[in-house]
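> Chains as they are written, first to last, in the working numbering: chain U, 1 to 709; chain Z, 1 to 709.
Check each hint, because a few of them may be wrong.
Computed spacing ranges between beta-carbons, pair by pair [to be verified]:
(1) Z/A608 to U/R424: 55 to 63 angstroms
(2) Z/S572 to U/R424: 52 to 60 angstroms
(3) U/S159 to Z/S572: 37 to 45 angstroms
(4) U/G233 to Z/H555: 30 to 38 angstroms
Restricting the straight-line Cα-Cα distance to at most 25 angstroms, the calculated cross-link-like pairs of lysine-lysine (DSS-like) are [claimed, not checked]:
(5) U/K86 to U/K423
(6) U/K684 to Z/K354
(7) Z/K36 to Z/K423
(8) U/K460 to Z/K643
(9) Z/K354 to Z/K684
(10) Z/K466 to U/K394
(11) U/K466 to Z/K458
(12) U/K229 to Z/K460
(13) U/K460 to Z/K466
(14) U/K458 to Z/K643
(15) U/K466 to Z/K460
(16) Z/K458 to U/K229
(17) Z/K684 to Z/K705
(18) U/K36 to U/K394
(19) Z/K460 to U/K458
(20) Z/K36 to Z/K85
(21) Z/K229 to U/K466
Read the hints as simulated data drawn from the structure, not as lab findings. We put the CB at the ideal spot given by N, CA and C, even for glycine.
There are 2 protein chains.
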Amino acid sequence: MGITAARGMFLKDGKPYFLISGEIHYFRLDPRLWEKHLRLLRDSGANTVSTYIPWDWHEPEPGVLDVNGASHPGRNLILYIELCKKVGLDLIVKPGPYILAEYELHGLPAWLLERCSPGARAIDQHGNVISPDLMCYMSEEYLTYSFLWYDHIMPVIASHQKSAGGPIAMMQVCNEVGVFQWLSGQLDYNPAVVHLYREFLRERYSAIDAANRMYGTAYRTFDEVDPPKGVIGTRDQYRAYVDFHLFYRHYFALYLDTLARKIRSFGIDVLLTHNIPGWIFGNAAELPMLISTYEEVLRTRSDIVFGLDHIPEFVSYRNAHSDLACNKILAAMQPHGPVWAAEFQAGTREHFVKNDPADMETFYFASLAHGLRGFNYYMFSQGINPSGKGYYGKTFYHQTPVNAGGSVSRLYPVTRNVAAFIKREGEELLRSETRARVVVGLYTPYFHTELTTSQMLKEKRLYIEKIGLSLDPRFVREELFFNGLLRGLQTLNIGYNIRDLETCAEEELLRYRQLWVVTTEFMDAKTQALLASYVAKGGHLVITPAIPVMDNYLHPCTVLTDAFGVRAGKASGPPKVTALGIEEVFCQLSEKQVYASSGGEVVAITRAGEPCGLGIRVGAGRVTALGFAFGYTTDEHLLLIEKILSLDRIRRDAHVSDPDIQVVTRYGTKYTYMFLLNYHNRRKSCTIGGRRHTLSPLSYAIVKKARKG
Amino acid sequence: MGITAARGMFLKDGKPYFLISGEIHYFRLDPRLWEKHLRLLRDSGANTVSTYIPWDWHEPEPGVLDVNGASHPGRNLILYIELCKKVGLDLIVKPGPYILAEYELHGLPAWLLERCSPGARAIDQHGNVISPDLMCYMSEEYLTYSFLWYDHIMPVIASHQKSAGGPIAMMQVCNEVGVFQWLSGQLDYNPAVVHLYREFLRERYSAIDAANRMYGTAYRTFDEVDPPKGVIGTRDQYRAYVDFHLFYRHYFALYLDTLARKIRSFGIDVLLTHNIPGWIFGNAAELPMLISTYEEVLRTRSDIVFGLDHIPEFVSYRNAHSDLACNKILAAMQPHGPVWAAEFQAGTREHFVKNDPADMETFYFASLAHGLRGFNYYMFSQGINPSGKGYYGKTFYHQTPVNAGGSVSRLYPVTRNVAAFIKREGEELLRSETRARVVVGLYTPYFHTELTTSQMLKEKRLYIEKIGLSLDPRFVREELFFNGLLRGLQTLNIGYNIRDLETCAEEELLRYRQLWVVTTEFMDAKTQALLASYVAKGGHLVITPAIPVMDNYLHPCTVLTDAFGVRAGKASGPPKVTALGIEEVFCQLSEKQVYASSGGEVVAITRAGEPCGLGIRVGAGRVTALGFAFGYTTDEHLLLIEKILSLDRIRRDAHVSDPDIQVVTRYGTKYTYMFLLNYHNRRKSCTIGGRRHTLSPLSYAIVKKARKG
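Please take these sequences and the hints and turn them into a complete structure.
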């Protein structure tokens with residue numbers, strides 16, 4: 001049966017299974033050392049090995065395939081697969097077409113680029129080829145060539161998959177689809193894409209008049225519709241981008257679906273996977289945007305399990321909230337598949353990263369605390385690039401557990417410690433769960449901005465003031481939601497869960513004492529209605545920095561304010577409010593939402609005395625609306641979060657004498673695991689439940705206890 | 001006599017003097033605790049205390065001045081000054097007009113903002129007020145009010161300055177002038193500024209026809225000239241920005257000069273100072289741009305000593321090159337004044353900064369190694385803001401050596417250690433120098449981009465491809481120069497000096513074995529001639545990533561290529577070259593400069609075999625021209641730098657068995673001080689000269705030895 005996924009876990013032969021994998025690139029190693037590397041990986045306690053299969057490497061000339069080393073011993077993929085089986089490791093294969101992996105041309109053969117016409121390439125908004133190696137995913141030419149590659153490689157994979165007695169247990173479909181689009185800030189204006197966009201709109205609007213009304217245009221047919229370009233000057237232009245972002249998600253879903261269906265046509269039955277990048281400068285605030293770009297495929301193709309590329313670069317209290325938040329967000333969007341790290345930092349590509357073994361061990365155990373159910377060390381083994389194949393030069397990765405020559409580094413024993421812990425605790429650990437009394441609502445439309453405003457965008461296209469908005473969705477989701485609320489909760493040792501407001505059931509939300517939603521001025525009517533109903537049925541909604549008063553197309557939509565009997569206006573002034581009795585709370589924006597309401601209690605006021613926070617009882621529940629922007633930049637912000645939580649007696653998960661220590665408790669069926677995490681570069685001593693713990697700088701401890709009664 | 005500055009040092013009563021200061025804001029402390037805070041500072045070993053004097057605080061209503069506490073005991077500045085004297089500390093005062101300091105409205109009184117007309121405010125390119133609290137520095141209205149404030153406060157200061165028997169030994173003129181312009185990416189289009197700009201051009205061009213030829217315009221008089229606005233589309237538009245950047249520097253010089261002359265008119269004779277900010281996200285790559293904005297005043301007003309705001313946020317091998325590089329750059333531009341830290345991180349304003357005492361001690365001692373000749377702990381004492389006066393809320397700074405209540409933290413003993421070392425070593429340390437065999441040329445026009453392309457610029461105005469350039473000056477100076485070459489040299493333990501190519505003497509350069517210049521495609525004829533002459537006279541010039549072929553206005557200017565007998569062209573292709581025998585050196589840009597030359601040796605080739613590196617003997621010297629972009633992003637880059645240095649037998653300053661340890665040797669008259677710096681979060685052992693040293697994570701050691709012979 002091999003590996004499957006269900007109930008948020010990997011299963012092997014139907015039983016819960018922790019995937020412990022390491023990335024080893026056979027094409028970057030001396031074939032005489034392949035077995036040595038694989039044995040070192042297995043001996044570290046891993047059960048799986050992962051590798052790309054570079055198209056370029058195995059098809060050096062068009063139609064000349066080499067998977068058995070006829071032209072070069074390093075091309076003997078068959079031997080490598082057999083060695084995996086011999087050594088006793090499952091194998092994850094990643095045959096592209098794109099592999100990236102700092103391989104020249106991202107793994108595409110140079111001859112392919114020469115053969116392909118401009119029509120096979122991604123095109124920018126001015127009609128120019130974006131980059132010779134950036135193909136149009138859905139162009140017939142690119143797909144035809146890719147399928148020729150698949151025709152060659154997939155039978156090899158099929159004949160070595162688990163069901164055929166081989167070691168291959170999973171396959172990744174392409175690699176980080178969308179990463180170039182994200183980095184270049186443009187989707188693709190290739191006519192093949194524009195055609196699909198028009199089809200998408202036809203499906204969505206049926207009649208061209210409906211689309212015209214939305215965009216303020218005068219198209220006669222959908223075939224005339226042009227995708228949006230350039231900087232947004234009007235709300236009509238903004239509306240076109242709203243749909244273009246939805247199409248972007250549809251387009252990636254189409255591409256992955258096309259590849260996956262082709263893969264399945266070869267009788268390949270293994271679990272498929274795909275990986276999502278997005279840590280930048282040691283912070284993952286933009287990663288959830290990249291998760292959101294897969295939302296259509298996440299909702300439609302359950303046989304593709306998405307994994308995260310967890311490359312924090314450095315381990316610190318500064319980014320300690322990042323992996324936890326991303327794991328929770330992926331879990332919300334992929335409720336059945338396990339949260340796993342398709343690339344789990346081990347070693348580094350870059351010089352500005354030092355991968356101290358003790359730091360990494362802390363990160364690895366924190367990941368277990370944070371609910372990771374599998375990972376793939378990236379890289380387990382260093383590589384030396386074949387001549388001319390390395391993007392950054394000869395040496396691929398540094399400070400890996402095993403170097404290219406097959407000697408182990410100080411990181412190797414760390415991988416043993418991690419695997420030993422996982423094996424020892426087994427299913428008990430895998431089935432363990434954290435507890436949360438607070439749920440945070442995820443609203444992915446706030447993440448639909450990769451083409452208009454994102455960290456990596458060179459030419460920003462959305463200036464909110466031009467279209468009369470006050471809240472930039474990027475600012476809201478990065479600074480108020482991710483680095484604000486989610487970092488604040490983590491700092492406070494308050495366990496939380498995340499739910500996707502567009503897909504989760506109302507009952508799910510009602511299981512928690514509080515629901516926090518960090519908003520912009522817009523939210524679709526259905527989601528507004530969900531929140532209103534949640535409150536009516538007894539929930540406590542904390543909503544900030546604004547109660548939305550528009551839908552996602554910026555048309556008036558006051559489901560929430562109507563339900564709460566509130567009128568909302570805007571006020572500007574000094575960026576300070578008094579809220580829940582805390583004076584001079586700093587606001588990250590000077591504009592605030594102020595309220596007029598017949599009932600309810602004013603819980604926050606501006607310096608001018610205007611009410612900018614309300615506590616209102618509605619139906620069986622209540623709303624705390626805070627119309628000002630606060631992330632986590634001052635002490636008072638933390639205090640404010642804590643005060644609001646205490647309204648429902650939500651307290652820190654553990655009483656720790658040193659609040660700098662992070663505590664995560666996982667509840668198994670028989671045992672609890674309390675993870676103590678010291679993300680600080682300082683020795684820490686603390687008392688928890690009467691017992692004293694001392695933690696070295698950047699270290700962890702685990703307290704395992706039998707559960708009572 | 002008090003404090004003066006000469007020969008790169010502070011002098012007190014004419015003798016070399018290390019300024020050890022701490023910032024204490026009396027207006028944020030209970031007056032009953034003032035003396036306690038001052039005594040704690042003095043007892044830590046400091047000789048000086050520094051404070052802002054907020055205009056708003058002392059002139060709560062127009063014309064109602066309080067400096068003796070009549071309206072509020074916290075306003076008793078006279079008492080505070082007297083206490084400084086009583087306790088035995090010199091005093092640095094910073095009376096604004098602007099103080100920033102997270103004080104509401106940056107220290108300006110609210111009534112001033114109400115009284116001032118739009119004509120007193122900075123204006124953006126669309127004619128709008130940029131922000132109500134951003135005044136036009138040279139508007140008559142703002143200056144008139146500021147001088148009224150000076151009329152009140154300067155006599156108080158004059159009567160308490162050293163020459164009058166008081167403790168005041170230095171004064172800062174305004175605060176971080178230009179920081180708002182940098183953050184907002186706009187100078188000021190106020191008519192008063194435009195008028196000065198026109199005067200500046202009249203001075204520069206004399207005849208309007210000359211200006212018209214430069215800009216491709218048809219103005220009839222200078223009074224018609226408009227300052228450049230918006231995105232650069234043509235080289236003509238670019239040329240206008242070149243002059244606008246020069247004017248920007250002239251404008252700041254005018255403003256500081258105007259304030260300084262006014263200050264002197266009160267008989268104030270103390271040394272003046274000004275502070276320069278610019279660390280962002282733990283890196284100071286943009287700080288030198290801010291130093292460059294003061295270049296005119298640096299060249300014209302020797303009685304203002306500039307200090308750096310050294311706020312690294314965290315201490316790490318990742319930013320270890322930053323403070324050293326900035327110190328060297330400031331020293332190059334301020335050869336007579338001492339390099340000092342006007343704000344020397346102690347405690348933190350932000351939550352995302354933890355100020356571990358051991359880390360900070362390492363940073364402080366590294367600063368001594370890196371040539372700092374004075375500093376002001378910012379903040380020495382925490383403060384609690386008077387109601388409504390704090391920008392971020394009530395509490396001002398965390399983790400300071402002394403908290404607002406007067407208790408000391410674990411950082412306090414660190415400040416004692418630092419002062420004790422400085423006192424013990426005295427003049428010997430102050431007069432000590434590092435040695436360097438390599439000099440790096442600083443060319444500040446590459447930093448004249450704060451209005452066109454900078455990290456903080458929201459609307460970037462320079463897209464180099466639009467005007468046919470290949471090398472973005474911001475990229476060159478940040479990634480190739482600062483984070484590339486200067487980081488590489490520091491990592492290699494190669495001592496270097498920096499010289500300002502526009503002001504230094506040729507003989508200065510000829511003292512070194514190599515001169516490295518990191519270039520763009522442009523450089524003025526005079527500087528090109530300097531470099532050519534330097535080579536002719538026997539210097540070894542290493543020039544990369546291009547030999548300039550244009551002047552700063554992008555007119556052809558081939559002084560260098562002519563002198564070297566080289567023709568330079570452009571080539572694109574894979575970002576890899578073979579250079580000095582190193583294969584597959586990664587290039588950070590795919591475009592390269594390729595050479596045709598009758599003589600010389602090809603030292604680098606592109607993958608297509610084109611020569612992109614030349615070694616040429618010219619006159620008594622030589623040139624190594626490397627026409628490709630390399631910073632420090634791969635191992636090979638470091639190797640390449642080392643190989644080039646070894647051409648002139650320039651070796652690492654010390655043989656350390658662990659290359660991760662930074663070594664800086666300072667040579668005094670009788671002793672040498674070898675500073676060993678461990679910037680890594682790992683215990684390190686190493687052998688130097690046969691002796692074994694063990695360094696804890698993030699720590700330092702100092703080996704003092706008597707000099708031989």
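> Verify the proposed pairing of Z/K458 with U/K229, using a straight-line Cα cut of 25 angstroms.
holds, 20 angstroms
> Do the alpha carbons of Z/K460 and U/K458 lie within 25 angstroms of each other, as the hint requires?
holds, 9 angstroms
> Quick one, are Z/K466 and U/K394 close enough, alpha carbons at most 25 angstroms?
violated, 34 angstroms
> Does the alpha-carbon distance linking Z/K354 and Z/K684 stay inside the 25 angstroms limit?
holds, 23 angstroms
> Run the distance test for Z/K229 versus U/K466: straight-line Cα separation, threshold 25 angstroms.
holds, 19 angstroms
> Given the hinted pair U/K86 and U/K423, is their alpha-carbon gap at most 25 angstroms?
holds, 21 angstroms
> Does the Cβ distance between Z/A608 and U/R424 fall inside 55 to 63 angstroms?
holds, 57 angstroms
> Need the status of pair U/K466, Z/K460: alpha-carbon distance at most 25 angstroms?
holds, 17 angstroms
> Decide if the proposed pair is consistent with the structure: Z/K684 and Z/K705, CA atoms, cutoff 25 angstroms inclusive.
Holds - the C-alpha atoms of Z/K705 and Z/K684 are around 22 angstroms apart, at most 25 angstroms.
> Against the 25 angstroms threshold, does the CA-CA distance of U/K466 and Z/K458 hold or violate the hint?
holds, 15 angstroms
> Taking the beta carbons of Z/S572 and U/R424, is their distance inside 52 to 60 angstroms?
Check passed, 56 angstroms falls within 52 to 60 angstroms.
> Would you mind confirming whether the straight-line C-alpha gap from U/K458 to Z/K643 stays at or under 25 angstroms?
violated, 36 angstroms
When each numbered hint is compared with the structure, violations occur for hints 8, 10, 14.
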